[in-house]
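Be aware that the sequence shown starts at 1, since it is given in this note's numbering, and climbs by one per residue.
None of these hints come from the bench; they were simulated from the model.
Glycine included, C-beta positions come from ideal geometry on N, C-alpha and C.
A portion of the hints provided could be inaccurate.
Computed spacing ranges between beta-carbons, pair by pair [said to hold, decoys possible]: (1) Asp480 / Tyr184: 55 to 65 Å; (2) Val107 / Leu474: 23 to 33 Å; (3) Phe282 / Pro454: 29 to 39 Å; (4) Pro152 / Arg244: 42 to 52 Å; (5) Glu487 / Arg244: 37 to 47 Å; (6) Pro214 / Ala339: 47 to 57 Å; (7) Glu155 / Asp374: 14 to 24 Å; (8) Ile446 / Arg369: 14 to 24 Å; (9) Ala59 / Arg280: 48 to 58 Å.
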Amino acid sequence: MDATTDETDEKLPSTRVVPESTNAYVLTGRSRIWLLIVCSMGVLLVISSMVALNAALGAIARETLATQTQLTWIVDGYTLVMACLLLPSGALGDRYGRRTTFLVGLVIFASASLVPIYVASPTSLIIARGATGVGAAAILPATLSLLTAAYPKEERNKAIGIWAGVCASSAIVGFMGTAILTQYGPWRTIFWAFVAAAALLFVFALTIPSSKDPEATPIDWYGALIIGSAVAVFVFGVIEAPLRGWTNPTVYGCLAGGIVLAVVFGVVELRRAHPLLDIRVFTKPDMLAGSIGMTTLFFAIFGFFFLIMQYLQLVMSYSALQTAIALCPLAIPLLVFAALTQWYLPRFGLRISVAAGLAILAAGLLCMRLLDVDSNYFDLAWPMLILSTGMGICNAPSTTAITGAVPLSKQGVASAINDTTREIGGALGIALAGSILAAGYNHTLIANIAMLPPTIREPALGSLAQALAVADRLGPQGHDLSRHAKEAFMLAMHSSLFMLGIVVLVSAAAVAIWGPGRDGRQLRMVRRFTARSARNV
């Protein structure tokens, strides 16, 4: 290529694609930047929608008379449907084109978001949110796989880092946006915003190039059905655990059933000529370390959000908008380290990056246990910044490890693996934190209000929000009840944070032992152990 052509490429955005290697294509010019912007907007829409309704649940309950269980499924129906369809959707993108699944997902997302604007019964909201999850499942894997297939290897880490940073920050953006909308308008404006955002993004997505598996292997529909069922049943059990209890037959039956179906999926896939997912990829140290890192990261993020949003609104008496503003500093380390991924990951390697990030995250969670009923915002801000620094350090390397372990032709499936680990980790984090919080709150408070009449005691034991509502009705006499309830909540929150921190520390240790280093190799003792095990088999 001559100098004149080089100068032209620098001045004008190019839409040419050039082969990087077999089955891989890389955009040249400024088209890559535009692709990154559009894909980042896509993940922002999907993830922000997961938390968007939390700011409006009170208004929805008052207008629709939804029960607590119905409110739970208005939020979680979206997550459940999306989680079980991610892998099939990723495979569809690889087979028929990733931009196509992106566009189809946006149409479904926007169409389903129109329903609550005109029909607002609890049942219709649950169904509509489930349908929105179908669209989200098509959008999310496409946003990452379009990037990994388009960016050259030397720039891929930076693109993935920015995508991962936007993904991790999207929950804050979503809560902030909906808090503003509900502050100045009815809760239905949230769905108008979803429709408008999806429509605008659809127009933008028409301008980006597509990519797909050039071999066009057939879709493994049997495998898709099994793994979709496995994820759906398992996540259903996890979501129901805080409501029913972990010993409830429905809960442990679903958890066991999901695991059994996952094992069946693995057996079936090993025998397929064209499997939906070659499960042998999980024997790669980078895939396993990345999956542990991503699952643990979102386990901690969603568990933390579940606890801290209640703390800010119920203990510190922040409004929804004030809560969103208070959480904004979380995004700073997430975005900073996302942009620095291309610098620190090659220097320190996957093992140190993910293990150190998880260890710092655990330290932040444990420092949060210093909060009490009388803490101020500064007492919250400094451990929150420690926590988000850990998130930022391990977020992008985990995603890079997962996508890098799978051929470029199967990046839709790789992206779906990355997204599924996020969803399962998030569901587990909320379930564990919620279960410990509910049990600890009830156990602590009942000893302090045992002498109160049942009409006061029973609602107060339900949740901190209910206890504060009862205390308000009692007037000055409710001060002691309010104080006891807040102190019981804090003790229970400390227990939840401790368990979250311990789980994250265990995962950090696992990655530190098993993960590959800067040279792509595991620790010598691990290599010896695996070699000895292979000889014995």
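Status of the hints after comparison with the structure:
1. Asp480 / Tyr184: 55 to 65 Å: violated (36 Å)
2. Val107 / Leu474: 23 to 33 Å: violated (52 Å)
3. Phe282 / Pro454: 29 to 39 Å: With a Cβ separation near 53 Å, phenylalanine 282 and proline 454 fall outside 29 to 39 Å, so the hint is violated.
4. Pro152 / Arg244: 42 to 52 Å: holds (50 Å)
5. Glu487 / Arg244: 37 to 47 Å: At roughly 27 Å between Cβ atoms, arginine 244 and glutamate 487 fall outside 37 to 47 Å, so the hint is violated.
6. Pro214 / Ala339: 47 to 57 Å: For proline 214 and alanine 339 the Cβ distance comes to about 32 Å; the hint is violated.
7. Glu155 / Asp374: 14 to 24 Å: violated (49 Å)
8. Ile446 / Arg369: 14 to 24 Å: The hinted range 14 to 24 Å holds for isoleucine 446 and arginine 369, with Cβ atoms some 22 Å apart.
9. Ala59 / Arg280: 48 to 58 Å: holds (49 Å)
Checked against the numbered hints given earlier, the structure breaks hints 1, 2, 3, 5, 6, 7 and satisfies all the rest.
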